[in-house]
Amino acid sequence: MSVYITSTGAFLPGPPIAVEEVEGVLGAIHGKPSWLRVQIQKSNKIQTRHYAIDKNQQTTHSNTLMATNAASECLDRSYISRDKVGMLAVATTQGDHPAPGMASMVQAELGLPELEILTAHGICSSSMMALKAAWNSLRLEEHEAALVVSSELASRLLKKQRYEAATKSTFAEKSVDFNTEFLRWMLSDGAGALLLQNRPAPKGVSLRIDWVRGFSHAHAFPTCMSVGSAGRVDDERTWQDYDTYADAETAGALLMRQDVRLLDNILRMGVDGYLRLAEEGVSKPAEVDHFLCHYSSHQFKDKILELLDAAGVGIPEERWWTNLYTRGNTGAASLFIMIDEFLRTDEVELSEGQTILCFVPESGRFNTTYMQLTVVKQ
Amino acid sequence: MIGGVSNISKSNQEAEGINLNPNAQKCLQQLLRVWLGFERDLSTVPLLRRIDLGTYTIEDHLCLLRNLRQQVIEGARWITRAASSFDRNHAEIRSTIISHAVDEHRDYELLEQDYVASGGKIEDILGMERNIGSEALHGYLMHRSSRQNPIDLLGAMWIIEGLGEKMARSWAERIQELTGLTEDSTRFMSYHGHNDGDHMLRFYAMLDEVCVDEMATSSIVKTSKVVARLYRLQLEEVEHGLE
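These protein sequence lines map, in sequence, to chains A and B. When we follow my numbering, the leftmost residue of the first sequence carries the number 99, and every step to the right adds one. When we follow my numbering, the leftmost residue of the second sequence carries the number 818, and every step to the right adds one.
Bear in mind the hints are in silico, worked out from the structure with no lab data behind them. Backbone N, C-alpha and C fix where the C-beta goes; we use that ideal spot for every residue, glycine too. Among these hints, one or two may not hold up.
[Stated by the list, open to error] Straight-line distance between alpha carbons at most 16 Å, and here's what the computed EDC-like set of lysine to aspartate or glutamate pairs gives:
hint	chain 1	residue 1	chain 2	residue 2
1	B	Lys843	A	Asp407
2	A	Lys399	A	Glu415
3	B	Lys843	A	Glu377
[What the hints assert, rightly or not] Derived contacts from chain A toward chain B, CB cut-off under 7 Å, selection only:
hint	residue
4	His315
5	Ala318
6	Phe319
7	Pro320
8	Arg366
9	Asp370
10	Leu373
11	Gly410
Given these sequences and hints, build the entire structure.
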């Protein structure tokens, strides 16, 4: 049973925010401009991004609402009625509620009755987890159509008040705490949606899903990107172990951190996974027509290019396509937002039978995920 | 020698002049995967995980150096033994290996100086026995290098030299930062980054010469896997006594 992506949708909240406007939205911590902002923004090269908070750091769109908007656009563009959707899979790093799962909330907003739901919780690669589950349910012929949505609202974690409240954290102690501040200038908000069906759309371009694979290396590496602990080696508590949530916040256990020293490992494991797929004959680098790679920052693009080339499985740069620079790094939502625009852009001409390789690495605890799509035209 | 995939970008630029035959290309890809798995699994070795986590101490450093010395001494022995096991049909590779051995066969002296500079007593490092993993690694390498034309040892060189380059790239400075020790304590580690370019070219040339069929590929790759596992065993054993 072949499964196809037959429709897509995306939602980016508010206006595009330029490089120099970012701190105005997230807020200057204690009123002081960041020392690291320019440096980090220069290396990630993201020119514009979107936030679901306003300049007073008030939420303008909930995560559920963004997911719903992307899903609605996707369904509106499709050739099927909503009642054909048998499954809703939703991926996010953090839903609006710790419980229940975000798929329940999105289902309610969309008003889709009596369907199967799945919430995939992780970071960037959670989108692939949700997509794989939906793909498999169609392959098992349990449903005719499944809607997969990924949505991120990172800015609520990155606003100035979070850092100001962490008065006993590593961030408060150090004059520069790169690991705690790094993601502040990297991540932004948005949502994407894909409709999966057991047949191609009657008109236009569909994408057949050939395979989805993932390799996680959490058994070997320490955590690299996380929320929920204070970022001190000798303190094993996670946020709910503190007496009060206020204590957890004061200790910095609710700040988002990236151990930047460990980041290189995700690139290496990314190449390892691709070498494995090439060795198995699952993917043939020479036959990849388009490469949609979710890299979080421009600085990693060159490294991935170099590593793949050196390993003899290089994909020429002209086959790479991304909208990171204009839509921002929206974590789990990035790939779907990328696919949505890729299908509409004039920059690329798609023809029948072309192969698209998608790659979503997740630095959280080193998960690498890959997917191959084939262009089908009706 | 080659830096595994650890210095992969450099390796590629420098390998551009060499067109590897298809078997050697395939072998190189498999070696890259063995290296990446080895490098990943090093993160599970408690002493090395402390470098990742930032809790590595001077005591850890002394312990690591004490344990590495035997490996370095034995390394000079198996490599010269391997050179003597190549017959006249392999004169080129024999020359390469001999000159590599000349480069590195007294590296352990550097390591001893690092040990003293880190506050250790020279008699402690000189009196250190091979740990359990070093015994296994040394035994295996001497056995393989005693066989006629042991081309599979390219797989061993790939891992061991790759680790040397990794020490230079990601351990030396980090260890100084974490322990307050100076460059004088990590010379052995840093030094291995320097000759990397030349070694890389030599490695590619050797691989192209000897890796001409599937049998050669599989023997080189298998030896790289065994050496990776035994090297990790050696590092896992650094904190275990011999009692």
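- Message: Min Cβ distance, A/Leu373 to chain B: is it shorter than 7 Å?
- Response: holds, 5 Å
- Task: Go through the hint on A/Ala318 and say holds or violated, using the shortest Cβ distance to chain B against 7 Å.
- Result: Check passed: Cβ of A/Ala318 comes within 5 Å of chain B, closer than 7 Å.
- Task: Report holds or violated for the interface hint on A/Gly410, using the least CB-CB distance to chain B and a cut-off of 7 Å.
- Result: holds, 5 Å
- Would you mind confirming whether the straight-line C-alpha gap from A/Lys399 to A/Glu415 stays at or under 16 Å? With a Cα-Cα distance of about 10 Å, the restraint between A/Lys399 and A/Glu415 holds, given a limit of 16 Å.
- Query: Given the hinted pair B/Lys843 and A/Asp407, is their alpha-carbon gap at most 16 Å?
  - Reply: holds, 14 Å
- Is the shortest C-beta separation between A/Arg366 and chain B less than 7 Å? OK, holds: A/Arg366 within 7 Å of chain B, min 6 Å.
- Query: Do the numbers back the hint for A/His315, that is, is its least Cβ distance to chain B under 7 Å?
  - Reply: holds, 6 Å
- Query: Does the interface hint hold: is A/Pro320 within less than 7 Å of chain B, judged Cβ to Cβ?
  - Reply: holds, 6 Å
- Message: Between the alpha carbons of B/Lys843 and A/Glu377, is the straight-line distance 16 Å or under?
- Response: holds, 9 Å
- Query: Can the hint on A/Asp370 be confirmed by a CB-to-CB distance to chain B that is less than 7 Å?
  - Reply: holds, 4 Å
- Query: Going by Cβ atoms only, is A/Phe319 closer than 7 Å to chain B?
  - Reply: Holds, because the Cβ-Cβ distance from A/Phe319 to chain B comes to roughly 5 Å (cut-off 7 Å).
Checked against the numbered hints above, the structure breaks none of them.
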